[in-house]
Amino acid sequence: MNAQNKQAIDSAPKKKGIVRKIAVYAVLIFWAFVSLFPVYWMLTFSLKNNAEIFGENVIGLPKYWVWENYTRALGVGNMPRYFVNSIVVTVATILITLVTSVMASYALTRLKWKGSKTMNKFFMLGLTIPIHASIVPLYTTLAKVSMLNTYWALIIPYSAFSLAMGILISIGFMGDIPYDLDEAAFLDGCGVWGIFFRVIVPLMTPAVATVGIYTFLQCWNELMFANVFISRDVLKTLPVGIQSLSGQYTTEWGPIGAALSLATIPTLLVYVFLSKQIQESFIAGAVKG
Amino acid sequence: MKKSFGYKLNIFLFLLPALILFIGVLIAPIFMSLSYSFTEWNGLKDPIFIGLDNYKELFTSKSINIMRALKNSLLLAGLSVFIQLTFALWLALKLGKKPVGERAYLSIFFMPVLISTVVIGQLWLKIYNPDYGVLNLALKSLGLESWTRVWLGDKKTVLWACFVPILWQYVGYHMLLMYAGIKGVPTELCEAAMLDGCTEGQLNRYIIIPYIKPILRVSVIFAVTGSLKSFDLIYVLTNGGPNHATEVPSTLMINLLFLRNRYGMGSTIAVMLIVLCFVFALLINLVFKEEK
Chain C
191 MNAQNKQAID SAPKKKGIVR KIAVYAVLIF WAFVSLFPVY WMLTFSLKNN AEIFGENVIG
251 LPKYWVWENY TRALGVGNMP RYFVNSIVVT VATILITLVT SVMASYALTR LKWKGSKTMN
311 KFFMLGLTIP IHASIVPLYT TLAKVSMLNT YWALIIPYSA FSLAMGILIS IGFMGDIPYD
371 LDEAAFLDGC GVWGIFFRVI VPLMTPAVAT VGIYTFLQCW NELMFANVFI SRDVLKTLPV
431 GIQSLSGQYT TEWGPIGAAL SLATIPTLLV YVFLSKQIQE SFIAGAVKG
Chain L
155 MKKSFGYKLN IFLFLLPALI LFIGVLIAPI FMSLSYSFTE WNGLKDPIFI GLDNYKELFT
215 SKSINIMRAL KNSLLLAGLS VFIQLTFALW LALKLGKKPV GERAYLSIFF MPVLISTVVI
275 GQLWLKIYNP DYGVLNLALK SLGLESWTRV WLGDKKTVLW ACFVPILWQY VGYHMLLMYA
335 GIKGVPTELC EAAMLDGCTE GQLNRYIIIP YIKPILRVSV IFAVTGSLKS FDLIYVLTNG
395 GPNHATEVPS TLMINLLFLR NRYGMGSTIA VMLIVLCFVF ALLINLVFKE EK
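Here the protein sequences line up with chains C and L, keeping their order. Residues in the first sequence are numbered from 191 upward in steps of one, following this note's numbering. Residues in the second sequence are numbered from 155 upward in steps of one, following this note's numbering.
Here chain L stands alone, though its shape is the one from the complex (with noise of 0.2 Å):
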C-alpha cells in the first residue's frame, strides 16, 4: 500500500470521531478545569481572575474543612489497602487452590461489583434504619439490645458505617483481579516447589505472591484512587452528613458547584484531587519499583 496523502487522510477520518470525543470530553476539559480553578465564578457572570486565592481559600477556610473530607478518604483508603485487599487476596489464594464450586464462589463474589450504587446505597439505609433494619433486628433477637444505633444518625458510626457497604461491595472486585493472575502463575512453577517440600503456605508467600506483584500493585492503584474519588455510596446513604461528618472531597466538589454555584471553588477541588491521585499512584509505583 502506498503511503499518498490519501492514505494518510484516510488514517485521520478514522480517527477523528475518537479524537473529536476523546479530546472534547476528557482532554480539554483538564485544562479548562485549571483555568476554572484560579477564577471565582458564579456561572452567570464572567469569571474574574483571582489567582491561588481559591487554594489559599481551600486549605484555610473552616467551612469548607478539606482537611476533615481528605482524613476520610485517607482513612478509607488505609482500609481499602489494608483490609479489603488483604481479604480478597486471601480469597483469590483459595479459590486458586481450585476448591470444590470455584467457578460459583468466584461468579457470586465478584456480583455486587455489578449492582448499581445507588440500589446498593438503598438496601444499605435500609439495613441500617434504626426502627425496620436487618441489623438492629439481628442484635436484638441475639439480646445485644444495648448495641442497637441509629447507624447513619450517630456521628461515632456513621463514618464506620459509610465504610463497609464501600469495602463490601469491592471485596469482589480486586480478588477477580488477583484471582485471574493467580491463574497466569505456570503450573510447573508450583509443581516444582510442591516437590521441594513448600508447604502452602510458603507457596503462597515465596511463590505466588511474589509473582502477581504487578496486579497486587494495579490493585493497590486502584483502591487508593478509587478512595480518594469516592462518591457515589455516600452521595446515597449520607450526603456527607450529619453535620459533615462523612464528607469526602467528592461530595464537598458536587455541593460547592451545585449548591452554591461556586464554579471556580470546585474546580479547584477537581484538580486537587487529580493531581492526588496522579500523585499516589506515583508513588506506589516506586514503593513497588523498590520492592524489587
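Looking at chain C on its own, in the form it has when it is part of the complex (with noise of 0.2 Å):
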C-alpha cells in the first residue's frame, strides 16, 4: 500500500466526520432561527406601520419606529386592567401557593407521623390530573355562592393546581436543610411552629425563587379556566383579554403586535435571568410526576 493510498483511506472517514459535523450545526442553527422567527416577528410588526407590515417591509427591521403602536395598544379596550388583573391574579396565587405548599412540607417531611409518606404521594397525584376533571364542578359551584366574575374565581384553582408542584419543590429544599438546627432549635425551647418560623422559614428563600417562577408561568399563560370563570371584561386576564382584542381589531396588526409583545416581554425578562431555574424547575416536574 503506497502512502497516497493510505493517506485517502484515512482522511476519508474523516471528511464524512466534518461534513456531518456542519450538517448537526446546520440543523441546530436552523431549529434555532425556527424557535425564535415568531418572537422576532411579533416585536419587529409591533413597531411598523401597515405599509411595512402588509408588503413593503415584512420580516425586516422596522424603517420607522412606530412606538405610537404601544401607546395605541394601552389605550385600545381594557389593555392596562388585563395587565393589573394578571399581575393580581399571579401574585396571590403564588403567595398562596408558597404558603400552603411549605407549610405541608414541612408536615410531610420534618414531623415524624405515620402515613407522611402516603400524604405525599397522595399530593403528587396533582400533577397528574387534568384540570378538565375541575371544570364543571369549579363552574357550578363558583355561580352557586357567586363568585364567577372576581378574582378569586381564578386565584383559588391556580393555587390549588399549582401545590403538588409547590410541595414537590419545597420538599426537595428542605431536605437540605440540616436536622441538627431542628434539634438545636428544640433544646431552646421551640416548638414545631418556633422551628417553622425561626429555622425552616427564613432558609427556604431559593425555594420561594423557584416556586414562584414555576407559578407565574402557569397562571400567567393559562387560558381554559380564565376563559370560563370570567366573562367581565374589567376582570379578565392578559390572555383572555388579547384573544378578545385580536377578534376586534383584525386589521390593526400594528397595536396587535404591541399588545401581544406586552403580555410576553415579562416572561422573557424573567427567563433571561432565570432560566436555569425556569429548566429545572420543569425538569423536576417531569421526574416526579
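Careful: at least some of the hints might be erroneous.
Derived pair list, reagent style BS3-like, types lysine-lysine, alpha-carbon separation capped at 30 Å [unchecked claim]:
(1) L:K251 / C:K211
(2) C:K304 / L:K162
(3) L:K367 / C:K466
(4) L:K367 / C:K307
(5) C:K311 / L:K443
For the record, the hints were derived by calculation from the structure and aren't laboratory data.
From the two separate chains plus the hints, produce the assembled complex.
Structure representation (C-alpha cells):
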C-alpha cells in the first residue's frame, strides 16, 4: 500500500465526520431560527406601520419605529386592566401556593408521623390530574356562591393546581436543611411552630424563587379557566383579554402586535435572568410526575 | 419530641390549608364530574338522573361526533410521539455532545414552551393569513404561487396547520427533559464504550438511549396525554372549525358546556378524557416495562 493510498483511506472518514458536523450545526441553527422567528416577527411588526407590515417590509427590522403602536395598544379596550388583573391573580396565587406548600412540606418531611409518605403520594396525584376534571364542578360551585367574575374564581383553582408542584419543589429544598438545626432549636425551647418560623422559613428563600417562577408561568398563560370563569371584560386576564382584542381589531396588526409583545415581555425578562431555575423546575416536575 | 395529642394536632394544622385546597379543587370535583355525567342538566333546573344515557349518546350521536374528535387527537398523539419526540431526542443527543453554544441552543429551543399559547396562536394566525401572512408571502417569493392556500379555511390543510404550532411549541420541552437525562449518564460509561471502539451512533443506541428510558417513558406519556387534552392552540386558531374539521374532545366539551349549557354531557366528555389519559398512561408504562 503506498503512502498516498493510506492517506486517502485515513482522510475519508475524517472528511465524512466534518461534513456530518456541519450538517448537525446547520440543523441546530435552523431550529434556533425556527424557534425564535415568531417572537422576532412579533417584536418587529409591533413597531411597524401597516404599509411595512402588509408588503413593503414584512420580515425586516422596522424602518420607522412606530412606538405609537404601544401607546395605542394600551389605549384600546381594557389592556391596562388585563395587565393589572394578570398581576393581581398571579401574585396572589404565588403567595397562597408558597404558604400552603411550605407548610405542608414541613409536616410531610420534618414532623414524624405514620402515613406521611402516603400523604405525600396523595399530593403528587396533583401533577397528573387534568384541569378538565374540575371545570364543570368548579363552574357550578362558583356560580352557586356568586364567585364567578371575581379574582378568587381564578386564584383558588390556580393555587390548588400549583400545589403539587410547590410541595415537590419545597420538599426538595427542605431536604437540604440539616436536621441538627431543628434539634438545636428544640433544645432552645422552640416548639414545632417556632422551628418552622425561625429555622425553616428563613432558609427556604431558594425554594420561594423556584416555586414562584413556576407558578408565575402557569398563571400568566392559563387560558381555559380564565376563559370560562371570567366573562366581565374589566376582570379578564391577559390571555383572554388579548384573545378578544385580536378578534375586534383584525386589521390593526401593529397595535395588536404591541399588545402581544406587552403580554410576552415579562415572561421573556424572567427567562433571560432565571433560565436555569426555570429549566430545572420543569425537569423536576416531569421526573417525579 | 413527644407524640402527644398536641403534636398530632399541629401536624394536622400544617397540612390543613393544602388539604382544603387540594381536596376541594382537585379531588372532590373528580367525583362530582362522575356523578354529573349520569344526569341531564342545564345548570338552571335540578339535574335529572338518566343513568348511562349520556355515554350512549356520546358514542352514537352524529351531531357530537366524538369519534372524529378522538381521531384528531390520536393523530396528534401519533405525530407527537413519532415526529416531535424523535426530533427532540435527536436535538438532545446532539446537545449532549457539547457543541459550541450548547447553553444558548438549549435556552432558545426551550423558549416557545414559556410563551402564552394565546400569543403563539395569534402569531400563527398571522403567519397563516392568506393575504399578508409570512407563509404565503414566502411561497410567492419562491415562485410557488400555486402552493399558497387559505391554510386555516381549507378542510384539507387546516388540521395540519393546527398541529404544526402545537408540535413546534413543545419540541423544546421534551428536548429539555431528555437532555437532562443524557447529562445524568455517567461519563465513565461513555468513555469506556468509546475506548472499546464504539462509534457515536452505537454509543447513542446501546448506552445513552437505554439509560434514559425512564425519561423517554415520561415524555411519551406527556406527549400522548397532552395530545388527548389539547385545547389552547386549537381554540385560538380555529375553535374546532371550519365545519368541525379540527374538533378535539376539549373543544367539544367547552362548546357543549358553555354554548349549549349541557353540563351533564360536558362532564361525560371530561370523565372520558380522564379515563383515556389514565388508560394510555398505564399502557405506555406496560410497553416500557416489557421492553426491559
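Outcome of the hint check:
1. L:K251 / C:K211: Within the cut-off at roughly 11 Å; holds.
2. C:K304 / L:K162: Holds - the C-alpha atoms of K162 (chain L) and K304 (chain C) are around 11 Å apart, at most 30 Å.
3. L:K367 / C:K466: The given pair, whose Cα atoms are some 24 Å apart, holds under the 30 Å limit.
4. L:K367 / C:K307: 26 Å, holds
5. C:K311 / L:K443: 21 Å, holds
No hint from the list above goes unmet by this structure.
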